[in-house]
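K.L.:
Residue numbers (UniProt numbering), protein chains in the order written: chain A, 1 to 134; chain B, 1 to 134; chain C, 1 to 134; chain D, 1 to 134; chain E, 1 to 134; chain F, 1 to 134.
There may be inaccurate statements among the hints.
[What the hints assert, rightly or not] So, partial list: chain C residues that the calculated Cβ filter (under 7 angstroms) puts toward chain A:
no., residue
1, 82
2, 91
3, 105
4, 109
The set of hints was computed from the structure by calculation and includes no laboratory data.
Glycine residues also receive a C-beta, built at the ideal position from the N, C-alpha and C atoms.
6 protein chains.
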Amino acid sequence: MTTVKLWTDAEADAVPRVKAVFDDIRATRRSDFINNFWRGLANQPTALERTWASLKEIMAADGALDPLTKELIYIAVSVANGCSYCIHSHTAAARGKGMTEAQHGELLAVIGMACETNALVTTMQIPVDPEFQA
Amino acid sequence: MTTVKLWTDAEADAVPRVKAVFDDIRATRRSDFINNFWRGLANQPTALERTWASLKEIMAADGALDPLTKELIYIAVSVANGCSYCIHSHTAAARGKGMTEAQHGELLAVIGMACETNALVTTMQIPVDPEFQA
Amino acid sequence: MTTVKLWTDAEADAVPRVKAVFDDIRATRRSDFINNFWRGLANQPTALERTWASLKEIMAADGALDPLTKELIYIAVSVANGCSYCIHSHTAAARGKGMTEAQHGELLAVIGMACETNALVTTMQIPVDPEFQA
Amino acid sequence: MTTVKLWTDAEADAVPRVKAVFDDIRATRRSDFINNFWRGLANQPTALERTWASLKEIMAADGALDPLTKELIYIAVSVANGCSYCIHSHTAAARGKGMTEAQHGELLAVIGMACETNALVTTMQIPVDPEFQA
Amino acid sequence: MTTVKLWTDAEADAVPRVKAVFDDIRATRRSDFINNFWRGLANQPTALERTWASLKEIMAADGALDPLTKELIYIAVSVANGCSYCIHSHTAAARGKGMTEAQHGELLAVIGMACETNALVTTMQIPVDPEFQA
Amino acid sequence: MTTVKLWTDAEADAVPRVKAVFDDIRATRRSDFINNFWRGLANQPTALERTWASLKEIMAADGALDPLTKELIYIAVSVANGCSYCIHSHTAAARGKGMTEAQHGELLAVIGMACETNALVTTMQIPVDPEFQA
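Looking at chain A on its own, in the form it has when it is part of the complex (with noise of 0.2 angstroms):
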């Protein structure tokens, strides 16, 4: 169960700030698939435009990394925070942009050595070598 409402689609075409977006969702993924994330971000139509404003951008196809990299990264990230719809979601979007099973079996192995290592350098408190100084 969520903490917000959801939006039909009947709603989110009566208000146009929420419908533009939609809108532009639909055209950008060329899909008519609007995913629950966005229906719960439609309650705060600022908030809806800011951040997918800001996610087209960032997950724009023409960048330094190609955009498998970007939902790699993404799915990684949701890991270490426990997020399991985004996990769900970009591991779905990794996959529509072409992840192979082994692809996503090496992500799986450098998740589980990077939090692996993590812990074990928090546990020792490893100082920083100075050779890693930027």
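Let chain A serve as the given structure and place chains B, C, D, E and F on it in line with the hints.
P.N.:
Okay, now just chains B, C, D, E and F, sitting in the frame of chain A:
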């Protein structure tokens, strides 16, 4: 300050199991530099051997993900876990593997965006859409 | 599913220490409703007494912060810790203490923004400005 | 040590997009002081612009939550995320907006209590009561 | 719902590397039961082998810490990381190794107290006393 | 640097409620040393009294878990929460209660393993087996 001793080269040379791992780190990385993480882990030769073997296998060059992508994922996890040492060491490693400033900038943006939307989703307790089913 | 038993009213009534806490919760909140958290904690009467005493003292109405502000802070922490139960219970409590949809929307935005800038700062490993010294 | 360069005023003045944001931060805050966060983010003008625009909008004075309450929420999230820099900068900001020692003390107590009950709930895996349904 | 397939016994039997691990889990635990974690990890035989080998070595009976203490530590970490599955599986394992209700109650109290004081320390940004130097 | 004042002995002696707690800490621990955590918490006498009373009760010697086991659990939680101060203070406490290097090494390994498998489980979103039901 650490909670364990950081081993010097002289101390490592005196314990064959530790020396063997340090030698393999140097050979694999083609560098004499042994960073503090391994000098701390040397207190537990079994953990040292297991961790190095796992890391070497997982971060190896010839997988389904390229070495730089794995470093970016490692940084992302380390940020979400708040491990300062790991952020420094893997940012240095990513730069060593060719990460550009533009790529670092996009990594920064994706990590920030993921943490923000993770939090928005969690605040609203959004349910997973059935469309994301594996 | 839980890892401990959730106590029914009949079970609570049979143990004087548990009954005393449940009675005080009901009297303090002017409601018969005892939520599951307390029904789980009842397995450890000492922890039940201590936790209720602390919570009652900390969340009391006549402090330097008003009760609604305390609930908003509670939600924020629970989101960052990913505690679904606590997000639900304290969002309900905040609504009971007058939180409007507009306030909930701003809470959402502040939590999201804080998580994003926390991550940006951590990725860049920004040093504390001397101007922030207490 | 940082993983990115911290921009000096001279460097910022030489890049119009960065200068424009720094000028707006100074004008909005009525202070010449630019803290290190922005000096690090200056490496990515797009992220700098987007983050400042979002922060300015979200933390603005005339919302449904007052500015001090927003700072308290910001501190709470930063504590749960373990972001030392953000704890310092937003504690300073809260003091600048009138936070008293008594209010800081209650903030401390609420954050501590929330972290404790989050952990108790998670250990017991307590299910959400239907009464908390939105 | 999972992001990967959970392998059935029939599927596991058809892949020698997976079958070998499943057989060893059954032999080591003297039980036919293979829990879902291993059925998911079976998608990546290398990760399956490495993880089982590490877990078997670390959680083995004849170390410096007794098996029940290791399970309590495992639960504590899983709570702090918010891993519901791991809390359930290791609470069951701890009970299987003799954890009493009184011990579970004290574990609960220590985890809660640690999370509270961790948060208090972090809010106040307390510096490490030189007396704690290793 | 801290966000609150650290109280000196002279300052503590001048406030009876603070003095009483400091005296009891010294008597309970049979040591004159008061670590910085309590010197910071002294700013809020109510929180100081409540926290010391809870800690004393929870960490007391004669429970169902022995004092060293409780310290190991405390360290594990502090690592997962990334609380450097708490890792240092409770590692020192554990050593004071007899923790050997071999035990510290196993603690390290269990914490690392738990963080790794927590992450693997979360990435795969593994459902809880019905066999783990309490």
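K.L.:
Hey, does the residue 109/C contact hint survive, CB to chain A under 7 angstroms?
P.N.:
5 angstroms, holds
K.L.:
Hint validation: residue 105/C versus chain A, beta carbon distance must be below 7 angstroms. Holds or violated?
P.N.:
Result: holds, 4 angstroms to nearest chain A Cβ.
K.L.:
Under the criterion of a CB-CB separation shorter than 7 angstroms, is residue 91/C in contact with chain A as hinted?
P.N.:
Nearest chain A Cβ about 5 angstroms off; hint holds.
K.L.:
Against chain A, is residue 82/C within 7 angstroms by beta-carbon distance?
P.N.:
4 angstroms, holds
Consistency note: the structure conflicts with none of the earlier hints.
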